[in-house]
Amino acid sequence: MNSFTVLASAASSSPDAPWSWNLAADLHDMLSYPFMVNAFRAGSIVAVVAGIVGWFMVLRKQAFAGHTLAVSAFPGATGATLIGINPMFGYFSFSLAAALAIAAAARPRRGGGFNEESAVVGVVQAFALACGFLFVSLYNGFSTSINAPLFGSSFAITNTQVITLGGVGLATLLVLTAIGRPLLFSSVDADVAIARGVPGRGLNVVFLLVLGAAAAEASQIAGALLVFSMLVMPAATAQRLTSKPALSMALTVVFGLLATWGGIALAYYQLYPLGFCISSFSFGGYLLANLATATRLRQRRPMVSAKPVGAVA
Amino acid sequence: MMAHETVLATGFLAEPFMRHALLAGTATALAAGLAGYFLVLRSQVFSSDALGHVAYTGALGALAFGFDPRLGLIIATVATGAAMAGLGTRGRPDDVAIGSAFAWILGLGSFFLTLYTTRHSGGDSTANVSYLFGSIFGISASQAQLVAVIAAGSCIAILAMARPLLFASLDEAVAAARGVPVRLLGMGFLAIVGVVCAEAAQTVGALLLLGLIAAPAGAAHRLTDRPFVALALSAAIAVAAVWAGLLFSYYLPTIPPSFSIMSAATLAYLASLAAPRVADHALASWAGARKGAHIDAGLAD
Numbered sequence: 001m002n003s004f005t006v007l008a009s010a011a012s013s014s015p016d017a018p019w020s021w022n023l024a025a026d027l028h029d030m031l032s033y034p035f036m037v038n039a040f041r042a043g044s045i046v047a048v049v050a051g052i053v054g055w056f057m058v059l060r061k062q063a064f065a066g067h068t069l070a071v072s073a074f075p076g077a078t079g080a081t082l083i084g085i086n087p088m089f090g091y092f093s094f095s096l097a098a099a100l101a102i103a104a105a106a107r108p109r110r111g112g113g114f115n116e117e118s119a120v121v122g123v124v125q126a127f128a129l130a131c132g133f134l135f136v137s138l139y140n141g142f143s144t145s146i147n148a149p150l151f152g153s154s155f156a157i158t159n160t161q162v163i164t165l166g167g168v169g170l171a172t173l174l175v176l177t178a179i180g181r182p183l184l185f186s187s188v189d190a191d192v193a194i195a196r197g198v199p200g201r202g203l204n205v206v207f208l209l210v211l212g213a214a215a216a217e218a219s220q221i222a223g224a225l226l227v228f229s230m231l232v233m234p235a236a237t238a239q240r241l242t243s244k245p246a247l248s249m250a251l252t253v254v255f256g257l258l259a260t261w262g263g264i265a266l267a268y269y270q271l272y273p274l275g276f277c278i279s280s281f282s283f284g285g286y287l288l289a290n291l292a293t294a295t296r297l298r299q300r301r302p303m304v305s306a307k308p309v310g311a312v313a
Numbered sequence: 001m002m003a004h005e006t007v008l009a010t011g012f013l014a015e016p017f018m019r020h021a022l023l024a025g026t027a028t029a030l031a032a033g034l035a036g037y038f039l040v041l042r043s044q045v046f047s048s049d050a051l052g053h054v055a056y057t058g059a060l061g062a063l064a065f066g067f068d069p070r071l072g073l074i075i076a077t078v079a080t081g082a083a084m085a086g087l088g089t090r091g092r093p094d095d096v097a098i099g100s101a102f103a104w105i106l107g108l109g110s111f112f113l114t115l116y117t118t119r120h121s122g123g124d125s126t127a128n129v130s131y132l133f134g135s136i137f138g139i140s141a142s143q144a145q146l147v148a149v150i151a152a153g154s155c156i157a158i159l160a161m162a163r164p165l166l167f168a169s170l171d172e173a174v175a176a177a178r179g180v181p182v183r184l185l186g187m188g189f190l191a192i193v194g195v196v197c198a199e200a201a202q203t204v205g206a207l208l209l210l211g212l213i214a215a216p217a218g219a220a221h222r223l224t225d226r227p228f229v230a231l232a233l234s235a236a237i238a239v240a241a242v243w244a245g246l247l248f249s250y251y252l253p254t255i256p257p258s259f260s261i262m263s264a265a266t267l268a269y270l271a272s273l274a275a276p277r278v279a280d281h282a283l284a285s286w287a288g289a290r291k292g293a294h295i296d297a298g299l300a301d
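So the sequences go chain by chain: A and B. According to the working numbering, the residues represented by the first sequence are 1 to 313, in order. According to the working numbering, the residues represented by the second sequence are 1 to 301, in order.
I should point out that these hints are in silico values taken from the structure, not numbers from a laboratory. Note that beta-carbon positions come from the ideal geometry of N, C-alpha and C, so glycine has one too. Watch out, some of these pointers could steer you wrong.
As the list claims (entries may be wrong) - Covered stretches of chain A, going by a simulated chain B footprint (3 or more residues, C-beta under 8 Å):
id, segment
1, 54 to 65
2, 160 to 173
3, 278 to 292
Next up, chain A with everything else stripped away, as it sits in the complex (with noise of 0.2 Å):
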């Protein structure tokens, strides 16, 4: 029995009692699971660190490499099932490893011409993904264990996987309140950052390998394919809504953890992938989010267009 079986078959466990509508004893009905507890507690660690590090990642226009970091946990989990370690390893090694090949080119220059990070980013991405591919062909456990790595089943995470999702977390969050301030600064205005004496390069090394270990912890939940919506819809969606950065950040972790925990309580009552569901919940948060905008916007266009032109300036 390897992991990917048992992934497969945890995925696919039905509840015995159906959705109620009684939200109490639905949730009792839950929780009285120990997988579906530690399905709770891993997806909300990993939902609040996600989300804050997705918020960075979209103020810096790096979803690119985020979703690169994110399928780069594809070949850490193949890989560490075929020579047969712990899988976490697997994931952290490999996203890593990504972050700093990624971090190896240099930061797109402002205005257009030729853009040395994405094309890194891109052939980072496809060989990761290659990778992952051989590692599952050279395994012979062919049939059905792709999906689980790809799509996600958190139904399968130990006690022990929930503490050091949380102690990872814990230290990712630490090292992010540490750099806080100045990559902030830097992710806003990079150009009068670095002319202020802000290490703009090693920040942004740093800020990768943030990016890599959030990515690896979330991919555990959501699948190295939709990890990715763990980490930029909620940011996405709060950005959206408002520019203050603390309100933004705060409101990226709600809407993380709201995503987060209606997805593992959709997959539960149904046979879809959790990746799928929590996807679901955050894009139809994120096009609310747009939507709630576009109306502000053309609420507030007449009371604008009513003032005189020259009043303005």
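Starting from the known structure of chain A, fit chain B onto it as the hints suggest.
Relative to the frame of chain A, chain B by itself:
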């Protein structure tokens, strides 16, 4: 040496699956190399990443509802490509919007996979693997011919729009001022990239086509500053990577061809890092200084 090579050549060319793979692979690589050059130049590699994932969902959606998956592939990618360009400013979409949309679209793909495996008792859950990671050794003669024809069409379309697209990519504002339809070009280009991605999804797979787009183009951009030399170089490196990968996996069947192709492309990119700009002089003399001057003049007017 020559005799040895001919023996090798007749060895693998005797296999029909290898001939189909070479035909489909070469055609895809040419198109991916040409499209990749502009994608890297325009910092739109992320868009092709998104299109690859959309291709997967398109194929799985078509499977789940009982259509030809190739139809699903191409409709999904072309529509998404045009839509992404249409929503973005000046035909270049915003990364966060792309990211949010395609993360969910990929989730939708996994939903279709579950739908497919539960609805069709015969549908096994590995049906998606060939779309995720390609099945170039499993391509039939008619599939290979169709891939080749569509890829050739995409190549011609890219070459036809190459000059204005280059202008619009290098200096958007000036190009727009000179009357180049920047937005329309951006949409048309991403629609063609959608076609290329749909073809590449069948050969190297939806998740790996990014490598065939980013690595050869990245290497070409590092090796030379001359636009049309780099464009040709990008296509050449992509084709070479596909040939090397196919041959490697032919002689070492435990290694999947998609992995070999990606490794060859990655190696080509790493080699270009080791040889920064030294090739520029060699390439310049090869292409001819007069031609280079001609290109510069052509860009200016």
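For each hint given before, does the structure comply? Return the numbers of the non-compliant ones in rising order.
2
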